[in-house]
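2 protein chains.
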Amino acid sequence: MEPTAGDLTDPLINHADGQLFLHEAFKIIVEEVLCKGTDVKEKVCEWREPEELARLLDLELREKGEPQENLLQRVRDVAKYSIKTSHPRFFNQQFAGVDYHSLAGRFLSEALNTNLFTYEVAPVFVLMEAEVLRGLRALVGWTEGDGLFCPGGSTSNMYAMNLARYRLYPEVKSQGLWSLPQLTVFTSPESHYSVKKGAAFMGFGMDNVILVKGAVPFLVSCTSGTTVQGAFDPLDRIANVCDKHKLWLHVDAAWGGSVLFSKKHSHLMKGVHRANSVAWNPHKMLVAGLQCSVLLLKDTTDLLKKCHCANATYLFQQDKFYDVNLDIGDKTVQCSRKVDCLKLWLMWKAVGSAGLEQRVDKAFLHARYVVDQMKKRDGFQLLRDVSSHLNQPEFVNVCFWFIPPSLRGKEKNPDYQNRLAKVAPVIKERMMKQGTMMVGYQPLGDRVNFFRITILSPLVSHKDMDFFLDEIERLGNDL
Amino acid sequence: MEPTAGDLTDPLINHADGQLFLHEAFKIIVEEVLCKGTDVKEKVCEWREPEELARLLDLELREKGEPQENLLQRVRDVAKYSIKTSHPRFFNQQFAGVDYHSLAGRFLSEALNTNLFTYEVAPVFVLMEAEVLRGLRALVGWTEGDGLFCPGGSTSNMYAMNLARYRLYPEVKSQGLWSLPQLTVFTSPESHYSVKKGAAFMGFGMDNVILVKGAVPFLVSCTSGTTVQGAFDPLDRIANVCDKHKLWLHVDAAWGGSVLFSKKHSHLMKGVHRANSVAWNPHKMLVAGLQCSVLLLKDTTDLLKKCHCANATYLFQQDKFYDVNLDIGDKTVQCSRKVDCLKLWLMWKAVGSAGLEQRVDKAFLHARYVVDQMKKRDGFQLLRDVSSHLNQPEFVNVCFWFIPPSLRGKEKNPDYQNRLAKVAPVIKERMMKQGTMMVGYQPLGDRVNFFRITILSPLVSHKDMDFFLDEIERLGNDL
Ligand SMILES: Cc1ncc(COP(=O)(O)O)c(C=O)c1O
Ligand SMILES: Cc1ncc(COP(=O)(O)O)c(C=O)c1O
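Chains as they are written, first to last, in this note's numbering: chain A, 529 to 1007; chain B, 529 to 1007.
Among the hints, a few may not be true.
Note that identical chains are pooled: a pair holds if it fits in a single copy or bridges any two copies.
The calculated lysine-lysine pairs, modelled on DSSO-like cross-linking and capped at a C-alpha distance of 30 Å, are [stated by the list, open to error]: (1) 903 to 792; (2) 961 to 564; (3) 592 to 848; (4) 555 to 608.
Since the hints were made in silico from the structure, they are not lab data.
Modelling step: build the complete structure from the supplied sequences, incorporating the hints.
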């Protein structure tokens, strides 16, 4: 059947209807997610068992479409049963809170729907990304360099490994690892699991993330702000070793990097300017929204491009009418790449470096406040950690056991650790089912399940911290 | 200085101010991006030289924040100078157009700001992602299997390589590639560059993406819808070879996968159910919005988890009060992972499989229409390609040279190819600077620069196709 022009006259999408729907959905988002979702009188989560939730949501995809009212109800349902991660009592993850300027930037990025690979399709964002990276590099202490927004800190960590091995053995790009000696990554046991995952993915093998006898170290991955305890590796000392052995120094500051905004706390990363690369997630402590994650590089030799380019002619034509160095897409191993810079840029413009510094400083104050309050109450036992010589937590992670009255003073009992291990999961279950707040727990090494609260949301007040402690007691006192 | 409760009373963010800003920004987005940005009377792009654009945007990040009016003007500026990728005359990339249901889903995902790693922080999306993957797998012809949304087709292609090598040599995960024989990926020269980039990143080396004598093939990567010409590899024939040699068959259907929605065109991917894995980007032809990209797997042995898990105890506790198989995060090499399923789900619910089928069918009709019109005009010469035995393009890519009057009938002239090569770049420059439309060009093998138009936007009518041809003539007739 031949197409006739008649079939092709009308677009398939009606803008008026579409925009009406979008307006209605926007209203629901504001009401459910941004108002109710941040109201301490409302729940953080509306727990449902998976089978029940699946039924409530009616997830099945069908042949026919649905009327707009149904679809708006679906928007409402998705909002209702989703976790309110912006709620002041959400302490479960390394992200929390909401920044409205960032959110506006995110809506705009979504509506503009473009890809960060060439100047021709993303003129504003090519320039903007460069400026944001420059601003972040300046905080690291570099006036030159390179970088990239990546889909997460795990990816940034992988990039660092790829660049380090390429610098040492450029033939790896064409010939693979077989032509190279066995390489190892040095890192600490507290480093994020993405270092191991990345090593496996990139062909190094997880076993080579440690010291392997006879193998060639090529990269040291330090952590600034470990995931669980929030510890900072001593960068200057490690940089001395790296200098001596000419090793690539990577700093995984996915979590801790934001201290660089703070005059008071940036000392935690003293020596970071000596690194070759830094991974930093503004979506965590700066509340830039998921995802916002950068890799920063000191390199000025175009290593990123050399290491990753494939010179696709359909995208990166060399006979363009503008400077083709603006077509940054060949620096990545992605092709499509989301615009993640706008949200950070707009938020930074809105509150300035000073406003971001204030967020970081306030998070530290809150962490110290909650520790002080814990010391005043029975039953809250702080973890002895690498920074236990300090009177206060090194960062905004506060790790602690809640010891219910029945276990207090029973440390010598043979079943003490076993019983203690069961406390956090029960409290967590009750908290989720009642929906009053969220905080995570985990074991670590030989330490049984303890809570980790990470405090970073700019929406939090000390009342939320007091509530947190009261609530842990309320949920756990009978255990 | 000790923190006092007083410092900690007020949250740093004011909801009323923030929501006001968001409302104003939303209005600008609707007006500038969705109304003007899709209006054929308005420009597709507002070209500026990079230096001028940087100045206009005032990108610099400063110590102090800015008043709201300034920030709203910035939202307006970003919209103004960005490319209108939803404009009916944007044919530059494999994405275009706008779907309002998807966009509402994207706004909701951004506002909910969660991560797809555990049921506890993403109950709705863990279930929804599974359902969307199930729906897409059904179109491939699989009633069981696995899968994941990835940050782009390039990443999906890498995952397929990682799974294939792990299946063959599980020790690679711990020991790396050194303990394995040299492995090669078979693929065609027309395959997407991400196969080569991925091979380099994962330690195989780019040279091993071809047939290397003495090396062990472990994966064949076919393409369904090549990037430039839109060609489909014969899957059934290749599957026969893979069966025989027990090779992993990966189908890169990032671009072409959406034909599976169409009863009329799904035959292009006949045999796809015999593959081990399929990469498919609904952000391309289905207009789901960037990014929306899936990896689909036939595997039912939990390979994805086994291959990628690191069992981080801080995230994936095994003593949770719900089924921990719902914590899907350990299937990926990412940690944070964006919610990319909601936009596709909501759009699919809105128009049904039937509506998505209609989009695909209409795109084919438009491609055929434009080819028919080209044949009626002087100066449009279609590329002879792999599908040149057909009277019409195999897919929605239309590749052609525009031959200006001065070159017509001069094919035998020695400088013909050189002069022809310069035509597309000049037309492109004029088109960008006047902002009337956007289409890409590239050389390929020994064929000099030609245009590639990809037709997929549901906003397009045949008038836009006519305009396209008129405009190419107008811009190129004097060359
Ligand atoms: C220290 C550290 N590095 C890396 C990551 C991974 O970052 P992402 O989740 O963005 O991949 C995290 C957080 O989850 C982290 O805490
Ligand atoms: C055939 C093919 N495979 C893979 C890709 C890469 O997908 P992505 O840009 O999402 O990484 C593309 C598109 O750009 C493509 O056309």
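Hints, verified against the model:
1. In this assembly of identical chains, residue 903 and residue 792 lie within 30 Å of each other by CA distance solely inside one copy; the values are 24 Å within and 70 Å between copies.
2. Proximity of residue 961 and residue 564 under a CA criterion of 30 Å is satisfied intra-copy only: 18 Å inside one chain copy versus 47 Å between copies.
3. Taking the shortest alpha-carbon separations for residue 592 and residue 848, neither the intra-copy value of 45 Å nor the inter-copy value of 38 Å comes in at or below 30 Å.
4. Taking the shortest alpha-carbon separations for residue 555 and residue 608, both the intra-copy value of 14 Å and the inter-copy value of 25 Å come in at or below 30 Å.
Hint violations for this structure: number 3 only, all remaining hints satisfied.
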